[in-house]
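Visitor: Spelled out, the chains give:
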Amino acid sequence: MATETKLKLDAPDPVAVVSLDAAAGLVPLDEGQKSELEKRVDAFVDDLVAQDANSPEFGKRVDQLASLGRRQIAEAAGQSNRFLERPVRAMESDTGIGADLTELRRTVEDLDPSSRGDLTTRKKLFGIIPFGNKARRYFDSYGSAQSHIATILKRLSGGKDELLRDNAAIDVERRQLWEAMGKLEQMIHVSKALDGKLEAKAYELDTGDPAKAKAIRETALFYTRQRTTDLLTQMAVSVQGYLALDLVKKNNIELVKGVDRASTTTVSALRTAVTVAQALTNQKLVLDQITALNTTTANVIDATGTLLRTQTAEIHTQAAASTIPLETLKQAFQNIYATMDSIDTFKMQALESMKVTVTSLSGEVEKSRSYIARAEGTALIEGKGSDSPLSPLEI
Amino acid sequence: MAMMPETREALARYDEWLARTVKSPDAIAVHARRLERKTRSIGRRLRNMLLGALAVVLSAFMFGMFVAPLGFLGIVVTALAAMSMMVFLSSWPREREPTLEKLPETPLAALPAQVEDWLETQRKALPAPAVREVDRIMAQLGALSPQLKKLDPTSVMAEDARRLLGDHLPRLVRSYAEVPQTHRASPEASAHFREGLKVVGTEIDRMTTTIARESLTALEVEGRFLETRYKGTDKVDD
Numbered sequence: 579m580a581t582e583t584k585l586k587l588d589a590p591d592p593v594a595v596v597s598l599d600a601a602a603g604l605v606p607l608d609e610g611q612k613s614e615l616e617k618r619v620d621a622f623v624d625d626l627v628a629q630d631a632n633s634p635e636f637g638k639r640v641d642q643l644a645s646l647g648r649r650q651i652a653e654a655a656g657q658s659n660r661f662l663e664r665p666v667r668a669m670e671s672d673t674g675i676g677a678d679l680t681e682l683r684r685t686v687e688d689l690d691p692s693s694r695g696d697l698t699t700r701k702k703l704f705g706i707i708p709f710g711n712k713a714r715r716y717f718d719s720y721g722s723a724q725s726h727i728a729t730i731l732k733r734l735s736g737g738k739d740e741l742l743r744d745n746a747a748i749d750v751e752r753r754q755l756w757e758a759m760g761k762l763e764q765m766i767h768v769s770k771a772l773d774g775k776l777e778a779k780a781y782e783l784d785t786g787d788p789a790k791a792k793a794i795r796e797t798a799l800f801y802t803r804q805r806t807t808d809l810l811t812q813m814a815v816s817v818q819g820y821l822a823l824d825l826v827k828k829n830n831i832e833l834v835k836g837v838d839r840a841s842t843t844t845v846s847a848l849r850t851a852v853t854v855a856q857a858l859t860n861q862k863l864v865l866d867q868i869t870a871l872n873t874t875t876a877n878v879i880d881a882t883g884t885l886l887r888t889q890t891a892e893i894h895t896q897a898a899a900s901t902i903p904l905e906t907l908k909q910a911f912q913n914i915y916a917t918m919d920s921i922d923t924f925k926m927q928a929l930e931s932m933k934v935t936v937t938s939l940s941g942e943v944e945k946s947r948s949y950i951a952r953a954e955g956t957a958l959i960e961g962k963g964s965d966s967p968l969s970p971l972e973i
Numbered sequence: 005m006a007m008m009p010e011t012r013e014a015l016a017r018y019d020e021w022l023a024r025t026v027k028s029p030d031a032i033a034v035h036a037r038r039l040e041r042k043t044r045s046i047g048r049r050l051r052n053m054l055l056g057a058l059a060v061v062l063s064a065f066m067f068g069m070f071v072a073p074l075g076f077l078g079i080v081v082t083a084l085a086a087m088s089m090m091v092f093l094s095s096w097p098r099e100r101e102p103t104l105e106k107l108p109e110t111p112l113a114a115l116p117a118q119v120e121d122w123l124e125t126q127r128k129a130l131p132a133p134a135v136r137e138v139d140r141i142m143a144q145l146g147a148l149s150p151q152l153k154k155l156d157p158t159s160v161m162a163e164d165a166r167r168l169l170g171d172h173l174p175r176l177v178r179s180y181a182e183v184p185q186t187h188r189a190s191p192e193a194s195a196h197f198r199e200g201l202k203v204v205g206t207e208i209d210r211m212t213t214t215i216a217r218e219s220l221t222a223l224e225v226e227g228r229f230l231e232t233r234y235k236g237t238d239k240v241d242d
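Taken in order, these protein sequences are the chains called G and P.
Each number in the numbering used here comes from the position in the first sequence (counting from 1) with 578 added on.
Each number in the numbering used here comes from the position in the second sequence (counting from 1) with 4 added on.
For reference, chain P alone in the conformation it holds in the complex:
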């Protein structure tokens, strides 16, 4: 259907406005997942701190039992040591910001989360309509992540996923970010960028389906086996 140029422009403007103001369901889901990851990381830290302090107290107790009585000074030292241990563990191991250079070395299972984090840091620099595509890709990454964990890291599929997520996608985002600020908002740049993002999105979808299809096939085989084994639709003596 042919569209009047004015209409097309108006639609594009509306799209942009929508993308800037309303958060897509994808973005909300991505945000929720980030929050969940953050909570888990805080929980892990808290546990480490508690265990660290406990280890200090326990070793002090052992020292007092078998080597020499602790005394007042010993207790003060223990308390100080436990406290500094907690302070230390609260920020160790340091959570590193994922960088483009490190992405190819990340293990495949952790790659989607890393890419997601990295995209999040780039998000502000992206044009408003493209943010939607990025959100969609981030949501897809969330679906792909548990499936990638099951994948044999040496398989062709894993290699493809690694190349797409660790190299091709970041390269696209980076080359967009390298476009000078003055030209980044041009329709040309954002059209190229969105086109590229769309292809990446389709490719991630295809991967998710392919991996899912393998389990579906396994399920179908089991069903078929039960059928021939017990129902005999496929007569053994035919």
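The shape of chain G in the complex, shown without the other chains:
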């Protein structure tokens, strides 16, 4: 039908694994932050070098290096694992939106004029004796189905709210994850600066104090490099989690679109039925519940509301003017099917890309867990990490 724009729901692509080299630098740090962090690094390294290499004070500072960014890693890990805890709502077909859509389809199929044979002929008893009006009987079935349809549509609208709430939660989670990633980025900057600085210092000390140079290389520099890898690994996982959350959000938005369209096409078909009934049998079909629902839907989603209004207006003129009004009605039902089919296709694709994302993210998270464990181990030696001189700047 000319009034129907084709609904196309796009399943977003799965999130690829983020490599370690690509992980750093995704969250930008400004120059002020960088120089402030470098100042801290300089102070720390100077302080470290000033200590006697065998003294407990030196060891204490090395311990601080060994648990560099421990808290930031733990925080970011907690945040990025959230994605895996998030249930893939509405994607399962036996609960929520999936079930409602299936039920809507079943109910609508019962009303489809295509499944009722030729409605324009009179009904005949035993196929011979004329008996009752087929079309009249057909339109009567709308009256009994309307409350059921209204209930399903209301449930769908509730399900849509759930999706929107999920998306709101994702927005907040992504904001928090972004902050956590900012801190990680700072720590990565710190550890890389430490690496360079310690290396230079060790080189400098090679002639004057080779024992200290050795100690710096074997302890301080060793731990710093280890921590750089840990931080980068966590960063890669976090970035992946961040993108994966966006994937869920996009899926939800598409699904909301689909639900909107399914509701709209259903209501539109029922309205067409009202017009067609008038034209065909001179029967006044009262579908109050649906009409009332339509008004609320139209208020909520303005865009679809407008679409629905223009659509119905056109349908009315078409149905009234058309010599074959039943064709219009059949077309309206086809629109519902088309919408639901595209939702089904979308769900298949989306589930596939979710599965890929979940699998790759689970693998990465598993990998990063061992790093976190290592950090926790060194934290026990150190005892505390909150007032370490090498902590990220508060933004």
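Please note that a few of the clues may not be correct.
What the hints assert, rightly or not - Taking lysine to any residue pairs in the SDA-like style, the calculated list, with each CA pair at most 20 Å apart, reads:
hint: 1; chain 1: P; residue 1: K128; chain 2: P; residue 2: P29
hint: 2; chain 1: P; residue 1: K235; chain 2: G; residue 2: R803
hint: 3; chain 1: P; residue 1: K235; chain 2: G; residue 2: R743
hint: 4; chain 1: G; residue 1: K732; chain 2: P; residue 2: L230
hint: 5; chain 1: G; residue 1: K638; chain 2: P; residue 2: E199
hint: 6; chain 1: G; residue 1: K779; chain 2: G; residue 2: R803
hint: 7; chain 1: G; residue 1: K732; chain 2: P; residue 2: M53
hint: 8; chain 1: P; residue 1: K42; chain 2: P; residue 2: M53
hint: 9; chain 1: P; residue 1: K235; chain 2: G; residue 2: D641
hint: 10; chain 1: G; residue 1: K732; chain 2: P; residue 2: E192
hint: 11; chain 1: G; residue 1: K638; chain 2: P; residue 2: V203
hint: 12; chain 1: G; residue 1: K770; chain 2: G; residue 2: T811
hint: 13; chain 1: P; residue 1: K235; chain 2: G; residue 2: K638
hint: 14; chain 1: G; residue 1: K770; chain 2: G; residue 2: D641
hint: 15; chain 1: G; residue 1: K638; chain 2: P; residue 2: T125
hint: 16; chain 1: G; residue 1: K638; chain 2: P; residue 2: P29
hint: 17; chain 1: G; residue 1: K828; chain 2: P; residue 2: F229
hint: 18; chain 1: G; residue 1: K828; chain 2: P; residue 2: K128
hint: 19; chain 1: P; residue 1: K154; chain 2: P; residue 2: M211
hint: 20; chain 1: P; residue 1: K128; chain 2: P; residue 2: M53
hint: 21; chain 1: G; residue 1: K828; chain 2: P; residue 2: V225
hint: 22; chain 1: P; residue 1: K202; chain 2: G; residue 2: P967
hint: 23; chain 1: G; residue 1: K638; chain 2: P; residue 2: K128
hint: 24; chain 1: P; residue 1: K202; chain 2: G; residue 2: R649
hint: 25; chain 1: P; residue 1: K235; chain 2: G; residue 2: E740
hint: 26; chain 1: G; residue 1: K638; chain 2: P; residue 2: V183
hint: 27; chain 1: P; residue 1: K42; chain 2: P; residue 2: I79
hint: 28; chain 1: G; residue 1: K638; chain 2: P; residue 2: A195
hint: 29; chain 1: P; residue 1: K128; chain 2: P; residue 2: S190
hint: 30; chain 1: G; residue 1: K828; chain 2: P; residue 2: L230
Note that these hints are calculated values from the structure, not bench results.
Assemble chain P onto chain G, guided by the hints.
Guide: Frame of chain G; chain P shown alone:
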């Protein structure tokens, strides 16, 4: 900024004097809370006593109605029974002093109060400047307590809280108390002790913030939801 050793010493002395003489706001708040808990406990006891006496009188009344008339002796016995019931309930259940061994078994929700009570009994043995830190921790425990009640007891957070309050903190206080009296007042011992208390304090603060952040996040989500649902800043059709 570099400080003259004399100045530092004088400041330390002043700190100690201040801690010994002036009660910190934390200490006052802690005291008020203890008083409130005590009042509530007395109220509970009074109610128990009243209910106990009432139960005795009621059962005597039933006996008189359905079994046999009470008579003078019966009334005397009833009065005696009611009185002894009240005396019994005035001290039962006995309020046990929290001990270190029992702390790990206390349910999480009751743990802060127990730790507070336990710290109170240890307070006298602590060095004057450390008393402030202890007071601060006790005040923090007061803030943490209602939040812990909401926590799922099996969660990692609950486990952490239990370990910190039920094990690490008491262990620190006990190991300080085990330092011989003669050496307890030494700057070394009290510095270690205060350092440890500070870490515990920071950790409790962090827990309180983390738990609070969860409710804050939930609030933010609701706000964001309303925004997208009704204002459409995040267009569904984009």
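Visitor: Next, verify each hint and record whether it holds.
Guide: Tested hints:
For the proposed pair P/K128 and P/P29, the alpha carbon gap of about 18 Å is at most 20 Å, so the pair holds. The hinted pair formed by P/K235 and G/R803 fails the criterion: a straight-line CA distance of about 49 Å is larger than 20 Å. For the hint pairing P/K235 with G/R743, the CA-to-CA distance comes to about 14 Å; that is within 20 Å, so the pair holds. Note on G/K732 and P/L230: the hinted pairing holds, with a Cα-Cα distance of about 19 Å set against a maximum of 20 Å.
A threshold of 20 Å between alpha carbons decides the hint, and for G/K638 with P/E199 the separation of about 15 Å falls inside it, so the pair holds. Restraint check: the Cα-Cα separation between G/K779 and G/R803 comes to about 15 Å, which is no more than 20 Å; the hinted pair holds. Of the supplied pair hints, the one linking G/K732 and P/M53 is violated, its CA atoms being roughly 56 Å apart against a limit of 20 Å. Using a Cα cut-off of 20 Å, the hinted pair P/K42 and P/M53 holds, with the two alpha carbons roughly 17 Å apart.
Note on P/K235 and G/D641: the hinted pairing is violated, with a Cα-Cα distance of about 51 Å set against a maximum of 20 Å. Distance hint between G/K732 and P/E192 is unfulfilled; the C-alpha atoms sit about 71 Å from each other, more than 20 Å. At roughly 16 Å between alpha-carbon atoms, G/K638 and P/V203 fall within 20 Å of each other, so this suggested pair holds. Distance check on the hinted pair: G/K770 and G/T811 sit about 14 Å apart at the alpha-carbon level, within 20 Å; holds.
The straight-line distance between the Cα atoms of P/K235 and G/K638 is roughly 54 Å, outside the 20 Å bound, and the hint therefore fails. Among the hinted pairs, G/K770 with G/D641 is consistent with the structure: their alpha-carbon atoms are about 17 Å apart, no more than 20 Å. With a C-alpha separation of about 35 Å, the suggested pair G/K638 and P/T125 falls outside the 20 Å cut-off, and the hint is violated. Between G/K638 and P/P29, the direct Cα distance comes to roughly 35 Å. Violation of the 20 Å bound is thereby established for this hinted pair.
Of the supplied pair hints, the one linking G/K828 and P/F229 holds, its CA atoms being roughly 15 Å apart against a limit of 20 Å. The hinted pair formed by G/K828 and P/K128 fails the criterion: a straight-line CA distance of about 61 Å is larger than 20 Å. A hinted pair counts as satisfied when its Cα atoms are at most 20 Å apart, and P/K154 with P/M211 qualifies at roughly 13 Å. Note on P/K128 and P/M53: the hinted pairing is violated, with a Cα-Cα distance of about 34 Å set against a maximum of 20 Å.
For the proposed pair G/K828 and P/V225, the alpha carbon gap of about 17 Å is at most 20 Å, so the pair holds. Simply put, P/K202 and G/P967 have alpha-carbon atoms about 16 Å apart, close enough for the 20 Å limit, and the pair holds. The straight-line distance between the Cα atoms of G/K638 and P/K128 is roughly 33 Å, outside the 20 Å bound, and the hint therefore fails. The straight-line distance between the Cα atoms of P/K202 and G/R649 is roughly 18 Å, inside the 20 Å bound, and the hint therefore holds.
Simply put, P/K235 and G/E740 have alpha-carbon atoms about 17 Å apart, close enough for the 20 Å limit, and the pair holds. The hinted pair formed by G/K638 and P/V183 fails the criterion: a straight-line CA distance of about 25 Å is larger than 20 Å. For the given pair, P/K42 sits about 35 Å from P/I79 by alpha-carbon distance, which is inconsistent with the 20 Å threshold. Simply put, G/K638 and P/A195 have alpha-carbon atoms about 17 Å apart, close enough for the 20 Å limit, and the pair holds.
Distance check on the hinted pair: P/K128 and P/S190 sit about 16 Å apart at the alpha-carbon level, within 20 Å; holds. In summary, the hint linking G/K828 to P/L230 is supported, as the alpha carbons are separated by about 18 Å, within the 20 Å threshold.
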